[in-house]
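*Asks:* The chain contents come next:
Protein chains: 2
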Amino acid sequence: MALQPNLTSNVTINGKDYNTYTEPSVALAGERAKTKFDVRQLTYFLDGGKEITEKLESFATTIERDPTFSNDDSYDLPLEKAREVTMKHVAKVAEYTFQVSGDVQEIARRMSIVSLVSQSALTRIRIYLGLFMNGIRGSGTDAQISYWESKGASNAKKFYGCFAMTELGHGSNVAGLETTATFDRQTDEFIINTPHSGACKWWIGGAAHTATHALVFARLIVDGKDYGVKNFVVPLRNVHDHSLKQGIALGDIGKKMGRDGVDNGWIQFSNVRIPRTFMLMRYAKVDRNGKVTEPPMAQLAYGPLIIGRVNISLDSFSVGKRFITIAIRYAAARRQFGSDPHAPESKILDYTHHQRRLLPRLAYLYAMKAGVDELLDLQYSTTSKLDNLQTSSDKATLSSVLADLKDLFAQSAGIKAFSTWATSEIIDECRQACGGHGYSAYNGFGQGYGDWAVNCTWEGDNNVLCLSNGRALIQKGLKKTLPVRCKSLGRRDIRDFDVILEAWESVSSQAINHAVALYRELTKSLNPTQAFEELSQHRFEIARINTRYFFVRAFINRIQKAKDDGTDGSIIDVLSDLARLFSLWSIEKEGAFLKYGFITSDQLDQITDHVDSYCKRVREQAIGLTDAFNLSDFMINSPIGNYDGDVYKNYFSKVTRRNNPRKNFKAPYHDQLIKPFLFRKEDSPIDRSELE
Amino acid sequence: MALQPNLTSNVTINGKDYNTYTEPSVALAGERAKTKFDVRQLTYFLDGGKEITEKLESFATTIERDPTFSNDDSYDLPLEKAREVTMKHVAKVAEYTFQVSGDVQEIARRMSIVSLVSQSALTRIRIYLGLFMNGIRGSGTDAQISYWESKGASNAKKFYGCFAMTELGHGSNVAGLETTATFDRQTDEFIINTPHSGACKWWIGGAAHTATHALVFARLIVDGKDYGVKNFVVPLRNVHDHSLKQGIALGDIGKKMGRDGVDNGWIQFSNVRIPRTFMLMRYAKVDRNGKVTEPPMAQLAYGPLIIGRVNISLDSFSVGKRFITIAIRYAAARRQFGSDPHAPESKILDYTHHQRRLLPRLAYLYAMKAGVDELLDLQYSTTSKLDNLQTSSDKATLSSVLADLKDLFAQSAGIKAFSTWATSEIIDECRQACGGHGYSAYNGFGQGYGDWAVNCTWEGDNNVLCLSNGRALIQKGLKKTLPVRCKSLGRRDIRDFDVILEAWESVSSQAINHAVALYRELTKSLNPTQAFEELSQHRFEIARINTRYFFVRAFINRIQKAKDDGTDGSIIDVLSDLARLFSLWSIEKEGAFLKYGFITSDQLDQITDHVDSYCKRVREQAIGLTDAFNLSDFMINSPIGNYDGDVYKNYFSKVTRRNNPRKNFKAPYHDQLIKPFLFRKEDSPIDRSELE
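If you're matching them up, the sequences are chains A and B in order. Residues in the first sequence are numbered from 1 upward in steps of one, following the UniProt record's numbering. Residues in the second sequence are numbered from 1 upward in steps of one, following the UniProt record's numbering.
These are computed hints drawn from the structure, not numbers from a lab.
Quick list of the computed label-pair ranges, beta carbon to beta carbon: (1) A:His-240 to B:His-240: 52 to 62 Å; (2) A:Thr-12 to B:Asn-527: 17 to 27 Å; (3) A:Thr-523 to B:Glu-425: 27 to 37 Å; (4) B:Asn-527 to A:Arg-40: 34 to 44 Å; (5) B:Gly-569 to A:Ala-249: 52 to 62 Å; (6) A:Asp-340 to B:Arg-492: 47 to 57 Å; (7) A:Glu-502 to B:Ser-339: 35 to 45 Å; (8) B:Asp-377 to A:Leu-501: 51 to 61 Å; (9) A:Glu-502 to B:Gly-569: 52 to 62 Å; (10) A:Arg-40 to B:Glu-294: 49 to 59 Å; (11) B:Arg-657 to A:Gly-247: 20 to 30 Å; (12) B:Val-104 to A:Ala-249: 47 to 57 Å.
Don't be surprised by glycine CBs; every beta carbon is placed ideally from N, CA and C.
Only chain A is shown next, with the shape it has when bound in the complex (with noise of 0.2 Å):
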């Protein structure tokens, strides 16, 4: 007699049949199907034209084919072979950065692949390249920087630069760093030092196993007076052998939450001796003779930081994209339960909670890349005013240029850290919306939230950022008038961008303004500190309120850009929905609309009721929308995020090879350990009989 068929997991389709194993990559490319847009125009709008999407993907197959990058076994490997893979990674990236050197845009597109092969790999590059280079550039002079590079510093010849700013004691304030450098004037060099081992550099990326140089942060004394924190190359290793230079001592710092790969290391200075000049001059300078000159506007050494905030920020946009796309293409081919025990279970996409997990945070990432895109610009921008000034430059040109870099610094403050926390909430989101099977290390969930948490820590802890943030929105408040009251709904329809733009604007305006008036208040009896401290929570709030209204303007914007340069309408389309999805969800989680009179309690469930209804229209379109994130299933490295949708046998098949092979299905310590346990036999009892 035949197996009756298990109806709730069978299912036709076309008038064939599939089960649980064999249908997936038939729904996934059923839902592909429904796609209203050309997925590559809709590429091309987010690479920012098809001349771009095509260095992007040139770049994207050199390195999937080059057998230096091949990533099957990237998930099984411990921390030795990761250090060794990733340096072998660091050559061939560094091999492929040097020979555009100079473009700029183009190097930041390489990065950007390379951010989505290997996050160690590109740190350990980013350290050297950005933050070392660009330290020389931005604080060397002309000569200092030739010098650098005639040593082989910009194309790691002879010669690998590492950044040592944080020590054991010291992250956040870079000013309370404990290094010393002092001036010895006799020899005309400084004497580089770490006090005490609270001091002790730690955390420095490349200096494990890598540099020849670092840049060291340490305090300037020259005659016994403290000048701050100012910058000094110093070698730590004869680059023939890699052995210690004399007073250095170094080590590893070991296993981390992730990046395995990056050989984060400690450094301690006992009397180390440099020359005079190898000390950073192009503000901060020492003379022959030991006469200090103090630069006219300190904050400028700190312009090149920047640029971290916003690369970490691209990489937000650059790592969500990747594993919202695996939690999507899963969710269009899994199916779980259902209403009806004689149908098919239901597409777990289909379920409205599921959806309400998933696409907001798709239309989260398309906002972020168009905020983050405009940040780019301002810095570009800024810095390159910032590159032409002259320290002779006038007092006006140089107010103006730190007034930028000021607004700068705080904008970029809140788009690093909410950009950071919005993609390890959507690690974390799209991990548990794939079940059990974003448990297994073969997915990538894992590896990419160990590899991403430190981003809300580095390069400004997020927290420290966001306060920072705030206290710099109650500044600018201070300054000018802002109205009384907030405006409401009203009748309007809260679906319209101008309503939107109107609604974020006035709850963003009214939560600043109160957190003004509550300084002013309690100006009346605290000092200024006080008075910041006391609202902490406050200023942490408007940073968020602020930084999220800036997403959504800058989505918004860019569609309006968009549709007058002509875009197709069905890009505007789903683009428009994806920029309301955003921005009413953004408002239903938001409690300021609500506290601060913009919306009634109704209104908000309305508005539950919209978020609803565009997760159901994105829905629809949600393949699309991933897919034209263009990247290739070598990139996705998780076998159930691939193109094809076929997701229990690619995972089955990725989890059941290589380091798994069948045939080990027993333990390598069965006869050591499990054998004796089952067999085990306890010492006869105790006769006390004998003894009695």
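Keeping the supplied structure of chain A fixed, place chain B upon it in accordance with the hints.
*Replies:* Coordinates of chain B only, in the frame set by chain A:
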């Protein structure tokens, strides 16, 4: 000339000078001295009495002294080694469990200690002694229980059980599993079969390396009729050499996000024959002739699964308290920034924002303990009723037990979901609160998070559980007449416990009420399934609000009871501060209070002020409150979280010894990779003239 002291990082305490490296332990001791209550008494309160504390300590000390559990290199183990070490732990824990078999509460206490030492060992043991054995005991007849016990199942003698429920294509929807158990009348056997690869058993802990037998969930098929999923005991391996039984194929699932020590595997059955009596027949039965008797109330078979949820909720407290202790001790020892350049930097615990990040979560853990203890009591009473049930019990008794079980199911669903999410978030927030040092593997956050994350997915996916909890709340609400309008705070003090309880009761009822009204409206045009689907967002929200209310109520009731029991006033005071902090912080974050009008916007601002004030109060007692968790440094296993607060010394020593010895300043791959890279020579450029 003497170097000027670096004032920002030097500090004088009681006339003695300290620096960044030497001060922390003195700082922590100073904080500890502020404790106004008897820490030991609070530990008794948390554990449930002096006697229990002493039992816990006795077992904790035994484990700590046992060399098997040495954790010196626990963060540096590659997967293969982690599996082996975990097997050693399993054998020892099994021994310690069998020692007290029968004493359920002592076993639970011992497991709570094991949960702190190794989540992997805990899982391996729990799958066998929890899921497998509870499955046998819950679904087997008395004769079957005796049979399997006589075969060594209850004490792991020539026997090791695993729990084969989930499949590659089915997790949450147990009823949709596809493995078949077909009755062969001729031989009086079941034929267990995996119909296609999607039905491959997947994630089965213990299958890869350890198990000799599996409790298999499979569809009972008799004469071609599908009776749904039942339980079968299937032998997997020959115990003497761990070779596979005929028809069994199995393998390793390999690397995961965490819990590397657990040997999760996959199993495929190719027409494996087992005697009919290997089907567990306490409820559904198949007799010699193939006659199937269905259980009177099928849901009763799932009763024992609830224990899993309760255990995980207990773990949420157990694991959460470890990480909050680390972050709070670190915050009391770490200084960063400060308002006065000539004064020492501030302790990070003194920052309002840092207090807000840690202290409400400390309060949450205290509330969680009260809530989970209440759940545990409910579970004990319900399962004891279940155990006393006879198939011959009258219908009224059955219905009453079933109603209790349903309540427990719904309540435990919400508690499991929100307590595991809370701990997940606590680990992550605490990691970020420790800055860069939180990212070091040696401080435990990375492994802690990776190990923990799966708790949000297994034993009922959190999102699925919340929706099911929300559905149950609406169903209950449909039967009740709920208050029409939400109460409001008015001029009352929100810090009053009675007002707090009323606030939560009122808003929770109102939210349910609102969802019920929407449900009634929707079911005018939709069927119940569709209506519930449309209400997903509301279902999720009421589950969230109701579960938070449960924790608030449980905590306040527990304090009231302690007061009635004559507990010392200083303990009552500090617990009351915690309960107020937790309740008000929860109100501040929960938009429903504003939405349903219990509070106004101005009152929300006041609540923000209250939260800030309670943070300041609790901050003074924070060290005592974490000390009361009574965790030894061995259990903490994080050098920045040790009792002595000597954060930098302990951390530096942990990082630089063992796997990162100081002599390894040169990369093992220097000669092979770094030197060839730094000394590389490009091929000379092509001289075109040679060819022209």
